[in-house]
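Engineer: Chains as they are written, first to last, in the working numbering: chain A, 12 to 111; chain B, 38 to 371.
Worth double-checking, as some hints may not be accurate.
Stated by the list, open to error - Below, computed lysine-lysine pairings styled on DSSO-like, alpha-carbon distance capped at 30 Å:
#  : chain 1 : residue 1 : chain 2 : residue 2
1  : B       : 62        : A       : 78
2  : A       : 85        : B       : 89
3  : B       : 142       : A       : 94
4  : B       : 93        : A       : 93
5  : A       : 65        : B       : 93
6  : A       : 78        : B       : 135
7  : B       : 350       : A       : 105
8  : A       : 71        : B       : 131
9  : B       : 296       : B       : 306
10 : B       : 62        : A       : 85
These are computed hints drawn from the structure, not numbers from a lab.
Please read these numbers as outputs of a predicted model, since none were measured by experiment.
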Amino acid sequence: MTNEILLIIILSIFNIFSFGLGFVIGKIWSISGVSTNITSKPQSFFKSEENKPKISIDDKKFVVDIKTDGLEKKYDSLGETKKSTENIQSSINKLKNMKR
Amino acid sequence: MGVGLDVGTSFIVFSKEENGQISYKDFRDAFYIIKPTTPVATKMIEKGLAGKVFIKDTDNSFILLGKDAIEKAIERNDTAKRPMYRGVVSAKEKDAKKILAFILKEVVGQASEPGEKLVFCIPAQPVDQEDEDFDVGYHEDVIKTVLNEVGYSARSINEAEALCYAELENEDYTGIAISCGAGMTNVCVMLNGEPTVVFSTTKSGDWVDRMSAVATGEPDSVVQAEKEGGGFKIGEQNDNPILAAVSSYYERLIDYTTKQLAAALTGHKSLPKFKDPLTVVVAGGTSQANGYIELFKSKLEENGFPLVVKTVKHADDPLHAVSKGCLIASQVLS
Chain A
12 MTNEILLIII LSIFNIFSFG LGFVIGKIWS ISGVSTNITS KPQSFFKSEE NKPKISIDDK
72 KFVVDIKTDG LEKKYDSLGE TKKSTENIQS SINKLKNMKR
Chain B
38 MGVGLDVGTS FIVFSKEENG QISYKDFRDA FYIIKPTTPV ATKMIEKGLA GKVFIKDTDN
98 SFILLGKDAI EKAIERNDTA KRPMYRGVVS AKEKDAKKIL AFILKEVVGQ ASEPGEKLVF
158 CIPAQPVDQE DEDFDVGYHE DVIKTVLNEV GYSARSINEA EALCYAELEN EDYTGIAISC
218 GAGMTNVCVM LNGEPTVVFS TTKSGDWVDR MSAVATGEPD SVVQAEKEGG GFKIGEQNDN
278 PILAAVSSYY ERLIDYTTKQ LAAALTGHKS LPKFKDPLTV VVAGGTSQAN GYIELFKSKL
338 EENGFPLVVK TVKHADDPLH AVSKGCLIAS QVLS
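Next comes chain B alone, as it looks inside the complex:
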């Protein structure tokens, strides 16, 4: 039948069709390692972690996973780690590959039949790349290797292209999809189901967290938890200093992203001559902040976006839209 997988910097979302419904399985892409120093401490820590999602490594260290990792990190005034950084497997974390492989295997499970088709998303090459660690090819190979081990025939798709397949059916698959994830913002311009321009930028939700953390002196995990709790609107004053910083950096992020969009598409050789105004669809966890879509729309106009826009709409289910696109792509292949 085919299944879909959104391998995101912040969330891993697996999707499959069951009895005419789509079943989504989400898992927070985070871990936190606790290394006991004595055998007594090992026993005490293990007892204290009862009921949490964690694994025990061969060196007796405990690795908390997902939401529990973030909560434990906040409890210890620390920051949880990520197996991925800016859309690809993290080169900075020594244990990243092993933990990402473990999480992926647990989330997708064994294939229902050998060679079951699975489509997973990968980011596009960034236009503002400054980091040599960004290696999409290697990331893709790592994910394929892991998924092949559990019996899938895995194939990659560009993240924003998958979003087009999920959200642009009524527009005959013509328009622009922007996936605002934690690590990156991915963009795809599509004409009649064919991607014509794809690219990404390396600033998104994590950048907001990092900058707000620096400004307020709080750990990234604390800022992230406050941000996800809501209670702020982009562009409006806030009494909470963390949320005030988050709101301000969100404004700067949207301004930067729309400027990059305008610059990347102006005069692009592969850009088709669209006869009708285009629908722009926005999805991803970062786009869920209150006021994001309104500001994005006004900044597109202000920063000289070169195409005529009919509407800027938010995906119906912003967290699951990319995974849904991967699922659709896998079933088109089947």
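Okay, chain A solo, but in the shape it has when bound:
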């Protein structure tokens, strides 16, 4: 009976030791990068594409020289002028304070 108990204790200690050793070896292997960490979320193909710097060409239409020199004026004044007594100073001050 005593021998059986002793055998169980030895086997239990051996099992715990084996588990501990396996755990340590596993950790060392994962740190060295030999095994992959399957618990981490895989990155989507599109997500990885998003992180790449985008290279695009500026295809905005080029503004060529707009020549008005050849146009000969045949009038004295153009447009109608209207005066208003509105005060815009308070609007300007308020917006300047808000934009600070």
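For chain A, the structure is supplied; the task is to place chain B on it using the hints.
Structural biologist: Below, chain B without anything else, positioned relative to chain A:
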């Protein structure tokens, strides 16, 4: 000091501050070309155009500008041309850039000092775009190039954002501004001076003119002149067939615009959670029709506008409000 410029499809409005007052200079954005076939005809036409606003091109053709262009087109049962189409420089008109550049230079004049700040308005990207010719970036570059040539340091602002700066001071710059121009309707939702949502639709006053012209068989210029003469109320019967058509198409335009507004703002990610009901301010030449604001208000409710509206108000000076906003923006920058 800084100056403002509303570059609209139908009107160009320049604004500057002089002795504590605002001075607005308006010019109708239209032209009409007359090409004489013989040297004798050239002389006769030039004589006949005395007193009108026109320019002579290198090929001896005459280009009438502004109101005179529209009057001459009506006289000849024709339609005046526009250097701009749906809020941007027209790709359809060969001479558009040259004529727009000429008009702009004449209206703004030389800068009072080199690098004087000028803020001009540009439209937002439309939500109902079907036309590939719409290129705001190119339009902006064209305007900047022209204004830089006359000494200004020009910067663009969204048209409806400028309207917010002109009209929402009492609301701490929180609310919605809708600029109903000739070519487009521009919308800006603003929270404490910061635009949160901007967009446009491509149907406005010109659409009413075009559709009414098709319905009545009259040229667009004739319809436009009748429309601007007033004498009709949106939603009411009219004995004049042109005005009856105009009134009907106005109703459809307001219904369409309010539906687009509701659709564009419902569930919009950038829309803030406003704690108070909002003021909606409406401006622009198209909004001047009798009954526009009343119908706009009722259609907003009917078409499921997603925000709580305190009031729908008309700008004090609907034709100059955007230019005033540009002027305010230029002076905030200075």
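Engineer: Which hints from the list above does the structure break, by number from lowest to highest?
Structural biologist: Result: hint 5 breaks, nothing else.
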